[in-house]
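Sequence order for the protein chains is B and W. According to numbering that gives the first Met the number 0, the first sequence is numbered sequentially starting from 0. According to numbering that gives the first Met the number 0, the second sequence is numbered sequentially starting from 0.
Quick caveat, the hints were computed from the structure, so don't treat them as lab data. Source: prediction; values computed, not measured. It is possible that some hints are incorrect.
Which stretches of chain W does chain B cover? Using the computed rule of at least three CB atoms under 8 angstroms from a CB of chain B, they are [stated by the list, open to error]:
| id | stretch |
| --- | --- |
| 1 | 49-62 |
| 2 | 120-131 |
Below 27 angstroms or equal to it, Euclidean Cα-Cα: the simulated BS3-like pairs (lysine-lysine) are [what the hints assert, rightly or not]:
| id | chain 1 | residue 1 | chain 2 | residue 2 |
| --- | --- | --- | --- | --- |
| 3 | B | K545 | W | K89 |
| 4 | W | K54 | B | K70 |
| 5 | W | K35 | B | K70 |
| 6 | B | K38 | W | K93 |
| 7 | B | K584 | W | K93 |
| 8 | W | K101 | B | K36 |
| 9 | B | K38 | W | K89 |
| 10 | W | K106 | B | K36 |
| 11 | W | K89 | B | K805 |
| 12 | B | K726 | B | K785 |
| 13 | W | K106 | B | K411 |
| 14 | B | K198 | W | K87 |
C-beta atoms are modelled at their ideal positions from N, C-alpha and C, and glycine is treated no differently.
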Amino acid sequence: MIIYTNEGNPLGLQLLMLVKHAKRQVQVQLVNLNDPKYKDLLVLPTLQLDNGLSLFSPAAIAKYLLVDEGKQRDEWLEWSATLLAPALAHHMAVGHKADANALPVLNALVKKLDDSLQSSPFLAGDKLTAADIAVWSLLAPEGTLKGAQNVDRLRDWYGRIKVLPEVQEVLAEQPLKDLSFNALQQSNRYGGLYHIPLKRLSVADAGKLLVDTTPTVADTVTDDEIKAAQAAFTYTAPKEIKEERTVLPKAGQRNVLITSALPYVNNVPHLGNIIGCVLSADIFARYSRSAGYNTLLICGTDEYGTATENKALAEKLTPREICDKYFELHNGIYRWFGIGFDYFGRTTTQEQTDIVQEAFKDVLKAGYIITESVEQLLCQKCDRFLADRFVEGTCPHPGCGYEDARGDQCDKCGKLVNATELIRPRCKVCNSAPVLRSSDQLFIDLPKAEPYLKDWVDKSEGGWTHNAKVITRAWLKEGLKPRCITRDLKWGIPVPHPGFEKKVFYVWFDAPFGYVSMTKRYTKEYQQWWQPVKGTDVELFQFMAKDNVPFHSVVWPSVLLAINKGHTLVSHIMATEYLNYEDGKFSKSRGIGVFGNDAQETGIPADVWRFYLASARPEGQDSSFSWNDLAARNNSELLNNLGNFVNRALVFCEKNFNSTVPEVVATQDDLILLALVNRELRGYINSLEKAKLRDGIRHLLAISRHGNGYMQTQQPWVLLKGSADQKTRAATIIGLCANIACLLANLLFPYMPATARTLFGQLNAKQTPLNADKPLATLLLPAGHKIGKPAPLFAKLEQSFIDELKSKYGGDQVAAVQSPGNAAELEKAVQDQADKVRQLKASTKDKAVWQPEVNKLLDLKKQLEEAKKATPAASATPAPASSNGKQSVQDLEKAIQEQGDKVRKLKGSTKDKAVWQPEVNVLLELKKQLEAAQKAAKAAPAAVPAPTPAPAATSSVDPTQVKALEDKIAQQGEKVRTLKAAGNADVWKPEVATLLALKNELAALTGAPAAGGQNKGKKKK
Amino acid sequence: MCDVATVQKIAHCLGVNPGKVQLNEEQVVTRISGQKKSSVAGFATILESLAQESKSETAQNSKASREVEAQVYQWIEFSVLYVAPGSKDKHVSKQLLADFNKLFASKSYLVGHFITLADLAVYYAIYDLVKSLSPVDKEAYLNLSRWFDHLQNRPDIHQGEPLLNFTTIYLHGWATGTHI
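Same shape as in the complex, but just chain B (with noise of 0.2 angstroms):
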């Protein structure tokens, strides 16, 4: 038999045992999941046997090495696989798998094996089991008994276990030192036993009967990190941050030109577009700056193409006036969100024109254009050439199949499409098919381009992102085919080539070159960046979301490689993932999402967001923007950790050291810290070079996290009421404390530039270049130095706020189930609720499980309870108007006018639908009772001179009622002759008491005798 498993698995060892108490031989191979010829194995440990079975579940082993010992040995069994191990896997995660609640819950199951000891020497009776030995292998790597109290009995058969000599034997072989449970990590595919959520146990909390084994990090810092620390922090006077008029690269240094993908104008940019590109390079590039490189951060708006001929059509603009509104809009919203662009331009510039005309003419000149006939869509119907993006229809990629591809790109497959190969295309304006016309077009050769493209691929793809490397490869794989560059429209760049005058350039070849007309703009010696002279180097960043690759990675590189004039070509492609809007799509024309200029309304900062939204980066997968996750990350890293920290820092700075930074005199502890936030800067410039801005946020919370356990155990504000050499340890901590501040100020400033100038206020200090070569903490704040006055940087984001924007902005669904007074499906969720609890009920017994879900049923049900009185009341309002004839009238439209302009008012003031649309409703309901009231009046006059006039009453009579009840008895009395007519009497006698009593009501009204009466007052005359 051959034990596969991996190093250091502890079920292993839980093998082992079980072989050898089976008396059994085994031989242990150690082996790597991620080995092909392993492909097979499942799950580590697995246990081959000699007849060629293979299984991997102790248990199933046990239960098949060893005769049946009882269902009390099978429960155990079971009990370790599933509860045991599961939990001591939580507990000794490390990193951010680490889970607090992991020790309540193994305390409780160490409870539990205590007490079933009690009763018998053994888990399953009086006799050594599988049980034991299952529970005891578990317990046994990393000591997890080690310390614990009360535990008595668990201790005794733990010794007793370990004593036996096949145990000794198996120890030997494998030590116990060796085994650690983060080893399952590598067990199977599945990252390990962590998506096996805790149990929350429903029984009384055990106690503290495991000491807490965590490691502190402090344990882990070497000699020569504390040398290095100490060695670091000594003051030397900043050098300034100068910022030059025109930034150009120099020969020498470090050049870094930064771009971000061009946003096209029209399209309004929601959070998903900002952290894309826009947001992304600006904290890359004030990084880049604070890190002493010649940085230059440029980026515009891409506003050529049809799409914005459309749109200056339906808002009967002329293309120019359309992006200059749309223009002005991203200016706003980049520049609200503190996005420092060295230039922020626009591709309908005289510039952007000599540049793409001219690089056209080099590749011409180089030989890589080639001229076609094409064939292209026209709609008939709108009368034009169908661009890419405005024909739809099925994917023509085997195995896609997708029914609303693009003309250009498939949604579904990601993978490029001619629009003339859709199956079915359809013109996504007027939905009819278009149809085929030829036309000649100019093409880039990218066939003849390819091997040139494929040697720097080779070179430069180092510095991308993994998806922008996938991507391209996948691109290459394929093989390049040429590319179009012209199209039959008029807003554009013209192609300046005989017999093409009135075509112009594609996006593909334009937008990029907007990247260098728009450096252009910002500085005549743009070609120093774009085209430098030899000894000088230029990277160059550019960032954007993963759509956007091709554009960058194949086919600009390949068009600047055909002209081959020295282009600095990219360096590091920057590529983000989809950042999608709780768990949906961003969505604008379904109100779903929080655009650009949302943000600005919502009240928050634009730094908390800014803060946010690196924060929940989509580095290596999508992400998502949460509400609830905005507000936990404000509240709890923004506030509680970092702005906690700084500001008790320099509060204990100012009330007790008369603002004046106090004298370090560094003694071990605080090396330690300084060691610390030595290795989490080191991190974070590690990070920050590669653009991994996720990242760098985690390193920079763990500083002042690390700041706010130091302060917690030294505990100042104890020492500062202490003895002389206590006050003196005091003033060491709090200078300690306000230099780790200023770094921290430092270290923000990238992501929350104006949170952190309002620091930087706070501590009278000024910005210091980061030394990317040499991270380590220095002394900025020397002793002597006199601070500012501190105040709270962050405020608390209230759960209510948070709900209400998350209504705002979830689309119409969310506003619909929160209204109140829809009684109809209020009904419903009270009887989905009830439904609910009843199945919890039968379920389990355990009253935590079940009660919220009770309540949550009463709370529906008081709501429903409050919408049917509500409803009833809200139409009855102005039901007394309508009791009086003439003057009803008049104040119904008095009442319909005033509830007209308070919806208007509130329609004005809010968006929110729940709050207006009642109003509209009573509004409506008014407006339904006028036109009934009119009617009324205008029947009146008729009804009035009735053969049976009533002299003294008429004056008094109100028509409209009178009418209505005539009506009433007319459609009873029909009622009753029908009934009459079908014979039951028992049917009809009801409805002809109903159809009396309305003749009395009648009478009394009117002051006439009923109908019946009469005729018998007429008889006796």
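Based on the hints, put chain W in the right spot on chain B.
Using the frame of chain B, we list chain W on its own:
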């Protein structure tokens, strides 16, 4: 998932009275049954006890030999440890689908060539995950889909629930026919 409702469904499949099924104080599913009100805790152990009492074909299959019994047990445990909790995790669920798809490339049932409790346990544990798949995804996990569809068509398994759709014919005009 591997909870009270699943035990009841499987008991129904096996034609056994489930008795009283509930969660105990450790949130572990527990069955109390028989005249002596004996209790069994743990999903896998309960399923074994149900198989003991059942005369159904599935139960008999599951006890065909010691080898079969051991394998059936390990898949039930797998569904508790990996399938049920892992279905809710984006990455784990992808890996699970791929693994099962690979497994079913060469066999029709998890253990042996007959239906056992292993199939039932995994079926109910993976049900919600399969239900959430798009038609294209289902096509990507063709072998898994075939196994799943085969099981769901048994009345003792679907127990009146609407069947999941595995037809792909409406996806492409040019894909003629279904894969099942």
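Hints and how they fare:
As drawn, the stretch 49-62 of chain W meets chain B at 0 residues by the rule of a beta-carbon pair under 8 angstroms; below three, the given contact is violated. Only when three residues or more bring their CB closer than 8 angstroms to a CB of chain B does the claim for the stretch 120-131 of chain W stand; here the count is 0, and the claim is violated. For a cut-off of 27 angstroms, the pair hint linking K545 of chain B to K89 of chain W stands: about 21 angstroms separates their Cα positions. Note on K54 of chain W and K70 of chain B: the hinted pairing holds, with a Cα-Cα distance of about 20 angstroms set against a maximum of 27 angstroms.
Proposed proximity of K35 of chain W and K70 of chain B is supported: the alpha carbons are some 15 angstroms apart, at most 27 angstroms. Taking the CA atoms of K38 of chain B and K93 of chain W, the gap is near 16 angstroms; set against the 27 angstroms cutoff, the hint holds. Between K584 of chain B and K93 of chain W, the direct Cα distance comes to roughly 21 angstroms. Compliance with the 27 angstroms bound is thereby established for this hinted pair. A distance of roughly 15 angstroms separates the Cα atoms of K101 of chain W and K36 of chain B; the hinted pair therefore holds under the 27 angstroms criterion.
Proximity of K38 of chain B to K89 of chain W is assessed by CA-CA distance (about 21 angstroms); at most 27 angstroms being required, the pair is judged to hold. A distance of roughly 21 angstroms separates the Cα atoms of K106 of chain W and K36 of chain B; the hinted pair therefore holds under the 27 angstroms criterion. Proposed proximity of K89 of chain W and K805 of chain B is supported: the alpha carbons are some 24 angstroms apart, at most 27 angstroms. Distance hint between K726 of chain B and K785 of chain B is fulfilled; the C-alpha atoms sit about 19 angstroms from each other, no more than 27 angstroms.
For the suggested pair K106 of chain W and K411 of chain B, the alpha carbons sit about 32 angstroms apart, so the restraint of at most 27 angstroms is broken. Note on K198 of chain B and K87 of chain W: the hinted pairing holds, with a Cα-Cα distance of about 15 angstroms set against a maximum of 27 angstroms.
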